[in-house]
Amino acid sequence: MRSILKKEILVSFSPRIIKLKVEANFTSSPLPSQFVILMVSPYGERIPLTIVEKEGNAITLIFQEVGFTTQLLGSLKEGDSLYSLIGPLGNPFRAQKYGKVVVIGGGVGVAEMFPVVKALKKEGNYVISILGARSKKFLILEEEIRSNSDKVFISTDDGSKGEKGFTTQILERLLKKERIDLVYSVGPLLMMKKTSEITKLYQVKTIVSLNPIMVDGTGMCGSCRVIVGGKVHFACVDGPDFDAHLVDFDDLLKRNSRFVEEEKKILNEKNPFISKEGNF
Amino acid sequence: MRKIPLEERKKTFKEVALGFKKEEAIKEAKRCLQCKTPSCIKGCPVEIDIKGFIKFIAQGKFGEAIKRIREKNSLPAVCGRVCPQENLCQKSCVLNKKGAPIKIGYLERFVADWERENKKRTKPKLKRRRKEKIAVIGSGPAGLTFSSEMSKRGFKVTLFEALHKVGGVLRYGIPEFRLPKKILDREIEYIKSLNVEIRTDFFVGKTETIEELKKEGFKLFFLAIGAGSPKFLGIEGENLNQVYSANEFLVRINLMRSYLFPHYHTPIKVGEKVGVIGAGNVAFDCARVALRLGKEVFIIYRRGKEEMPARKEEIENAKEEDIKFIFLATPKKIISDERGNVKGIVCLKNELKEEDSTGRRTPYPLEGSEFLVELDTVIVAIGTKPNPLIKKIAPNIELTEDGYIKVNECFQTSVPYIFAGGDIVSGNATVINAIYQAKKAAFFAEKFLKKCMM
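Chains as they are written, first to last, in this note's numbering: chain A, 1 to 280; chain B, 281 to 734.
Be aware that one or more of the hints could be misleading.
What the hints assert, rightly or not - Partial list, derived from the structure: chain B residues whose beta carbon lies under 10 Å from chain A:
1) T402
2) K403
3) T489
4) S509
5) E518
6) L520
7) V531
8) Y539
9) Y544
10) G620
11) N676
12) I677
13) T680
14) Y684
To be verified - Here are the computed lysine-lysine pairs in the BS3-like style, where the Cα-Cα straight-line distance is at most 30 Å:
15) B:K612 <-> A:K231
16) A:K231 <-> B:K599
17) A:K264 <-> B:K407
Stated by the list, open to error - A few chain A positions that, by computed beta-carbon distances, are all more than 10 Å from chain B:
18) K177
19) R258
20) E261
21) E262
If you're looking for bench data, these hints aren't it; they were derived computationally from the structure.
C-beta: ideal position from N, C-alpha, C; glycine also.
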């Protein structure tokens, strides 16, 4: 269990995006939006990662090397083992037939939208996928999503692929033109917030997959608390998916900045105890 | 008991109480009157033969003493440290009349430590193996005890734990300076030595369901998942960045070792002036942790000094360590500066009136009595409640209105093959209460299994 069966570098430019196949101990098939919490080493922190896929006893995780722990995880090789991994956690997104749906993913969020796209397609929805990346070279899973969608739009910040601009601009154009029954958005918080603002105007039901700071992931600490509909919810057990129009995004943006200084500190640390080696 | 020097103690997570030396233990044990009808034993929820083990200590037979304790309790090094003996065994000691009861807890701790330091552990005889597989869910004091009890009875026990480390609240809740984790690790090794299989990173209900485990041959389940979901005050400002639940604060510190950041990778951020809301043991643990991080710490409590529910010994320690107290205060809102950082907590002054069902006077906030306590970090330690995920873990069992598990007098739930005990049955209680319930439950679980076999 927990050993890395396969490693693939999806984006080799910094910050890299890496795909790992990891052995997992759960027998059930995880549903979209479910995640694992893992620790790279006994000294490690616990971080959540969405389960992208599961085949047999192997799960696929895709992550971007945005900080210390993800870099440590990215430094592992095939055959290395994680210190800890638990899942599948979180309330799943249970796809049903809505009609015409739009799924938006930004950055590494595209990996998280993939199981949602697949599930919605399987339920017989007309699926429009909008993929966003900062530039062409950071775009992932395009083919996989294309083969599970009826229509695909791509936007890049620099215009190197698809349209220049943001995913939400494409969404707004679609909403102006046609009736959409559901929007699902996952990626950077600002993108999800913007999605929500737009769909609110058009009164389209919208789900976002929130990404607060978690520790245990089992509902015992409240680190991941978010305000939804004026009430405190724990994203690890009540979510991570919520009705976008009820989410207090500004509160979450603020809470996600809780440890910014510490995160910088550990990245710059020359402490010999902070091992970046693969095996512990 | 001897303690490490105050100035050193305020800066480290080393255990505060140093424990008895051999001579001290023997001397204390010799004070025991060896009552014909000892009332101390009745004061102990698991009825350790206190008189018996103390006699052995008085004779210098420490090995015999610990054996005697282990007949009734698998976690003596823990209980000797964290039990509120002043309300239990020591309360009923006849020497109380003279004002100095036997220090039973210190003696229990002494022999447990002696056993560990001298590697004298003897494995109890396990009964002939039975083929029935038992699943214990949750590895806190109740789960550990039930596991060892059933294993001693010869059953095949697997203990499932969701976190990456075993011990429940003993691991993530109680800090190192009250219960060193090395000592906890040794207690767990003992339980493993009884052939208990431990599976960490396993969330029953998610990783596998009870139904799936049943198909794998598990015949009986014991739910000991605790009541670990934090309560919040529900006041304005509670979602500000430097407001922690006691659980989050303690999990980061004790389980993830964030006080050793960046050596350990989990961060924690604490300002210079920390307010802890509540005055139970958990609040005191939080306060004394914050103090060790070099902070100025205030305990903010809605009742008065006399009503604080924490152990006297820990209140004493906290006072020595210069923790400050604000009594009779009800938090009204947490305020922040323009950058969104906690600036303080606005409280209302309370008046104490009639006694409630627990015999403590009920606080009433006085209108218009607002006052500001300047702080930059707030830790909310006002108790916990059952995790709502319990419905995912065991969908069919009956719960109370408050979400606790309903059990009969045999600790059996509404699903016959599922038993339960500890905080998930009784609400926030003591370690020894969890142990007591687990032992009782094991007794009835064995009966249940035998009956089913017939």
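Hints and how they fare:
1. A distance limit of 10 Å between C-beta atoms decides the matter here; for T402 (chain B) the minimum to chain A is near 31 Å, and the interface restraint is violated.
2. Because the closest C-beta pair between K403 (chain B) and chain A is about 28 Å apart, greater than 10 Å, the hint is violated.
3. Interface hint status for T489 (chain B): upheld, as the beta-carbon distance to the closest one in chain A is roughly 8 Å, under 10 Å.
4. Restraint check, S509 (chain B) versus chain A: the minimum CB separation of about 6 Å is within 10 Å; hint holds.
5. Taking 10 Å as the C-beta cut-off, the interface hint given for E518 (chain B) holds, the closest approach to chain A being about 8 Å.
6. Given hint, L520 (chain B) at the interface with chain A, holds; its Cβ is 8 Å from that chain's nearest Cβ, closer than 10 Å.
7. Of the supplied interface hints, the one on V531 (chain B) holds, with its beta-carbon coming within about 5 Å of a beta-carbon of chain A, less than 10 Å.
8. Taken as an interface hint, Y539 (chain B) does not check out: its beta carbon lies about 12 Å from the nearest beta carbon of chain A, beyond 10 Å.
9. Because the beta carbon of Y544 (chain B) sits about 5 Å from the nearest beta carbon in chain A, less than 10 Å, this interface hint is met.
10. A hinted interface residue such as G620 (chain B) counts as satisfied when its beta carbon comes closer than 10 Å to some beta carbon of chain A; here the least separation is about 6 Å, so the hint holds.
11. Look at N676 (chain B): its Cβ only gets to about 18 Å from chain A, farther than 10 Å, so that hint breaks.
12. Residue-level restraint check for I677 (chain B) is violated (minimum Cβ-Cβ distance to chain A is 18 Å; threshold 10 Å).
13. Annotation: T680 (chain B) was flagged as interfacial toward chain A, and the flag is violated, the nearest CB pair being 19 Å apart, outside 10 Å.
14. Here the hint on Y684 (chain B) is broken, as its CB sits about 15 Å from the closest CB of chain A, past 10 Å.
15. Proximity of K612 (chain B) to K231 (chain A) is assessed by CA-CA distance (about 17 Å); at most 30 Å being required, the pair is judged to hold.
16. Annotation: proposed proximity of K231 (chain A) to K599 (chain B) is violated, straight-line Cα distance about 37 Å (limit 30 Å).
17. With a CA separation close to 56 Å, the supplied pair K264 (chain A) and K407 (chain B) exceeds the 30 Å bound.
18. With 10 Å as the threshold on Cβ separation, the claim that K177 (chain A) sits away from chain B holds: the shortest Cβ distance comes to roughly 38 Å.
19. The beta carbon of R258 (chain A) sits about 5 Å from the closest Cβ of chain B, which is not more than 10 Å, so the claim that it is off the interface is violated.
20. The Cβ of E261 (chain A) does not lie farther than 10 Å from every Cβ of chain B; its closest approach is about 8 Å, which violates its non-interface assignment.
21. Separation of E262 (chain A) from chain B is inadequate, the least Cβ-Cβ distance of about 3 Å not exceeding the 10 Å criterion.
Of the numbered hints stated above, those contradicted by the structure are hints 1, 2, 8, 11, 12, 13, 14, 16, 17, 19, 20, 21, listed in ascending order.
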